[in-house]
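Required output: the full structure, derived from the provided sequences and hints.
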Amino acid sequence: MTLKEFYESIGSDFNAALMRMGNSEKMLDKFVKKFPNDKTAEELFRSLGEKDYQLAFRMAHTLKGVCANLGLDNLQKASSDLTEALRNEVAENTPELAEIVKTEYEKVISALGNLD
Amino acid sequence: MGKILIVDDSQMNREILADMLEEYEILEAENGKEAIAMLNERANDISLILLDMIMPEMDGLEVLEIMSKNSWIDDIPVIMISSEDSPVLTHTAYELGVTEFIRRPFDSLVVQKRCHNIIALYSKQKKLVDLFADQFYEREKNSRMMIDILAHIVEFRNNECGLHVKNVQNYTEILLKALSRMTDKYQLSEADISLICNAAALHDIGKISIPDEILNKPGRLTNEEYQIMKTHSAAGARMLSDLPFHEEEPIVKYSYAIARWHHERWDGRGYPDGLKGDEIPIAAQVVSLADVYDALTADRVYKKAYTHEKSMEMILNGECGTFNPMLLQCLEETQEEMRAVKEKGSGLNTNDEHEIKAFARELLKNDALYSSDRLLRKLEYERLKNRFFEKVTGSCSFEYSVSTRMLSFSENSAAVLGLPETIMDPHSDWRLAKFFGKDKLGAIISRIRGANVDEPVVMFYFHQFITTEDGKEINSFLLSDSHEAEVPENAKCFTYKLICLTTWTAEEPPSYTGVIGKLVPYGYTYGMLKGVDDIDFKGIL
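Going line by line, the protein sequences match chains F and X.
The first sequence runs contiguously to residue 414 in this note's numbering.
The second sequence runs contiguously to residue 650 in this note's numbering.
Simulated from the structure, these hints should not be mistaken for laboratory data.
For clarity, every value in this text was computed on a predicted model and none was experimentally measured.
Yeah, the Cβ is synthetic: ideal placement off N, Cα and C, and Gly gets one too.
Careful: at least some of the hints might be erroneous.
To give an idea of the chain F side of the interface with chain X (calculated C-beta under 7 Å), a few residues [said to hold, decoys possible]:
1) MET319
2) ASP336
3) GLY363
If you want the ones that stay clear, here's a sample from chain F, every Cβ over 10 Å from chain X, calculated [as the list claims (entries may be wrong)]:
4) GLU306
5) GLU323
6) ALA389
7) SER408
Following this line, the structure appears as structure tokens:
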């Protein structure tokens with residue numbers, strides 16, 4: 299699967315992501331491939347499990363930023379919603395929003411497995 | 110080139126930014142604390158900071174707070190990278206001195222351009238501030254040196270060890286700074302403090318009028334001698350007020366106040382004027398206390414030095430005069446600093462470089478704006494004046510600049526002649542050729558080019574003939590060295606004089622830079638007002 303096909307498969311805007319990287323496919327490729335090694339998502343799920351919501355807020359916030367830069371649109375949207383749910387006091391629907399983040403995260407990771 | 114410090118808790122974000130900014134040297138910090146540690150170590154090395162807002166340990170706003178406390182924010186620009194849109198955060202960040210924002214997701218081109226522009230801007234400003242500070246420092250140094258020399262002459266005659274003036278200046282500075290921290294009552298700016306310290310050097314200048322036997326008498330002065338000694342303060346002030354120049358300069362005013370009133374007392378029992386309380390200018394009050402402290406703690410022909418403790422005790426007990434209670438409080442608060450100066454001397458030069466730079470920056474900020482504003486208003490005024498004079502004299506004026514190859518007519522001239530206000534490359538312009546006739550235009554230009562720096566003014570006459578054919582007016586011109594012309598049949602004739610001043614560079618040999626000129630109706634001579642033929646242009650350049 300090419301990089302373009304990867305972005306299409308997760309419903310994200312390839313061209314916008316590419317442009318932000320100064321139209322360098324090589325650079326985008328490099329960072330997208332680093333994404334599975336980024337510890338932010340892992341830390342997010344762990345802190346949620348431990349009910350450390352302050353840390354979870356920060357991790358969700360960071361994940362949102364990273365996804366925005368890489369153009370992982372759906373995951374960015376999901377982590378953005380979760381960030382807001384965690385911002386001041388923990389909102390009721392936090393578990394559901396966390397589930398959506400998890401699902402979207404796994405979609406990205408599994409699609410990345412098919413990337414050339 | 111300096112380095113860019115990227116402060117972000119996400120490694121991925123730092124790496125992406127570093128890649129986008131590969132032409133720069135990059136430093137990285139994971140959180141605010143690390144960033145501050147790096148600033149502590151190498152603030153001078155860092156030319157830009159990219160700062161994340163939300164981070165563990167210490168967040169972006171806290172970093173900004175510390176940066177503004179340490180004045181780092183004045184020299185190091187900060188771009189905040191944030192996905193937070195909250196206006197409160199944005200406002201707070203700007204108040205704390207952030208230069209710019211970049212929103213997430215960040216775009217490589219935007220990141221590169223912003224970083225580049227901001228670094229360029231800051232380095233330009235820094236160069237300006239440095240340049241200005243250097244020049245300012247040089248001038249300051251020279252005038253300070255002259256004051257020092259003068260003060261030294263007084264001191265030399267006084268057989269004092271040569272440190273008295275310096276000490277009084279240093280004590281004055283310490284006390285003034287303490288006083289301005291304590292109260293706003295006296296409105297002391299940094300510049301005032303610096304001026305007063307300089308002026309303090311001349312406090313005893315009047316002593317050069319006191320006879321040597323009295324000035325350097327080892328024992329106690331008789332009452333009569335003491336009365337003579339006391340005249341030194343009024344005498345010093347008179348020397349300064351009799352200066353035939355600079356009397357309006359703040360330093361002269363401060364020197365006058367200090368020389369005259371540094372022996373006044375808070376209770377009104379001092380000399381020469383018996384001023385009381387805050388009738389005594391604050392500069393003189395402070396120098397008076399500094400003078401007393403130094404007199405006590407130093408050896409004199411008539412006494413040995415007292416210790417710091419003994420001197421403090423004597424001053425606070427009122428054995429050496431009465432002082433402003435607030436100043437006594439300043440003295441008590443700063444006594445360790447005073448003692449250190451007494452024992453070691455001090456960095457003698459009161460104004461350190463940092464202060465001068467801060468001052469330069471301020472001046473640059475306000476004065477530059479002020480003067481360009483003033484310049485604009487002046488230009489506006491000049492234009493108005495020109496317009497007015499042209500209208501009332503019915504004349505036309507123009508200028509031509511070699512460097513821009515542009516001929517410009519004044520508004521009035523353009524309207525009267527029916528020509529555009531500006532004409533590029535007039536030599537080959539068809540409108541001018543049509544107006545004057547091609548050969549006439551060439552003749553005008555070659556006459557003007559015949560001028561040189563010794564004879565920069567070119568004048569000749571212009572005769573305009575107007576004939577009417579089939580109800581249409583036809584114009585023709587005649588260039589001539591005479592104001593008289595043979596007028597064709599049926600033509601109306603108007604005569605003008607064209608006066609051109611050619612302009613030249615100041616170098617050797619001078620080169621031609623352009624022309625300013627005026628076309629005036631010929632023939633006005635009204636009594637004391639001279640006609641255009643009688644104007645003397647000698648020495649105009």
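Going down the list of hints, with the structure as the test:
For MET319/F, the interface hint holds, since its Cβ comes within 7 Å of a Cβ in chain X; the closest pair sits about 6 Å apart. About 5 Å separates the beta-carbon of ASP336/F from the nearest beta-carbon of chain X, less than 7 Å, and the hint is met. With its C-beta approaching chain X no nearer than about 5 Å, GLY363/F sits inside the 7 Å limit, and its interface hint holds. At the 10 Å boundary, the C-beta of GLU306/F stays outside the reach of chain X, the nearest C-beta of that chain being 19 Å off.
Every beta carbon of chain X lies more than 10 Å from that of GLU323/F, the smallest distance being close to 13 Å; the non-interface claim holds. In this structure ALA389/F is separated from chain X by more than 10 Å, as the shortest Cβ-Cβ distance comes to about 18 Å. Listed as outside the interface, SER408/F is consistent with that label: its C-beta sits roughly 19 Å from the nearest C-beta of chain X, beyond the 10 Å cut-off.
Comparing the model with each numbered hint stated earlier shows that all of them hold.
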